[in-house]
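If you read the sequence shown in this note's numbering, its first letter stands for residue 1, the second for the next number, and so on.
Some hints here could point you the wrong way.
[Unchecked claim] Simulated pairs of lysine to any residue, SDA-like, Cα-Cα distance not exceeding 20 Å:
1) K56 - Q7
2) K56 - S94
3) K56 - A45
4) K126 - V116
Derived by calculation from the structure, the hints in this document are not laboratory data.
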Amino acid sequence: MKATIKQREHYTFFLPIQTRWADNDLYGHVNNVTYYSYFDTAANALLIQEADFDPKYSPMIGLVVNSNCQFNQELSYPEIIEVGVAIESMGNSSLSYDLAIFKRNSDTAAAQGNFVHVFVDRETRKSTPIPVEMRDALSRFVVT
Numbered sequence: 001m002k003a004t005i006k007q008r009e010h011y012t013f014f015l016p017i018q019t020r021w022a023d024n025d026l027y028g029h030v031n032n033v034t035y036y037s038y039f040d041t042a043a044n045a046l047l048i049q050e051a052d053f054d055p056k057y058s059p060m061i062g063l064v065v066n067s068n069c070q071f072n073q074e075l076s077y078p079e080i081i082e083v084g085v086a087i088e089s090m091g092n093s094s095l096s097y098d099l100a101i102f103k104r105n106s107d108t109a110a111a112q113g114n115f116v117h118v119f120v121d122r123e124t125r126k127s128t129p130i131p132v133e134m135r136d137a138l139s140r141f142v143v144t
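Input sequences plus hints: build the corresponding full structure.
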């Protein structure tokens, strides 16, 4: 059973991404694995731009432990897409994202999915709580 197709109004953070020549596969559309790259880029952009997260130097890092994607419509090069990001839930050390990819000037998701980061200590790789400052900065992106 297919999930309900997401609409643009559900999201408050958007990252525009230019598709690349290399994103297309032999079938003339963006290859399915590339959608996950778009999700990863947008989720991390939210952390960097809105919560001042520095993935290069922070003592904690977010590891992806789960992801999925539903493909609703083909994308291809050249196209500028917008990835919408919302936070479904914030755990002690995890963030669950709700993501959707929109074609420019479209309110209906071409693809949609979920993505879960578990934050761990960079050195020990043991889970670590999300700092209060990060929680506060991201709270406005939590959807119910």
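Verification of the supplied hints:
no.	hint	result
1	K56 - Q7	violated, 33 Å
2	K56 - S94	holds, 19 Å
3	K56 - A45	holds, 13 Å
4	K126 - V116	holds, 16 Å
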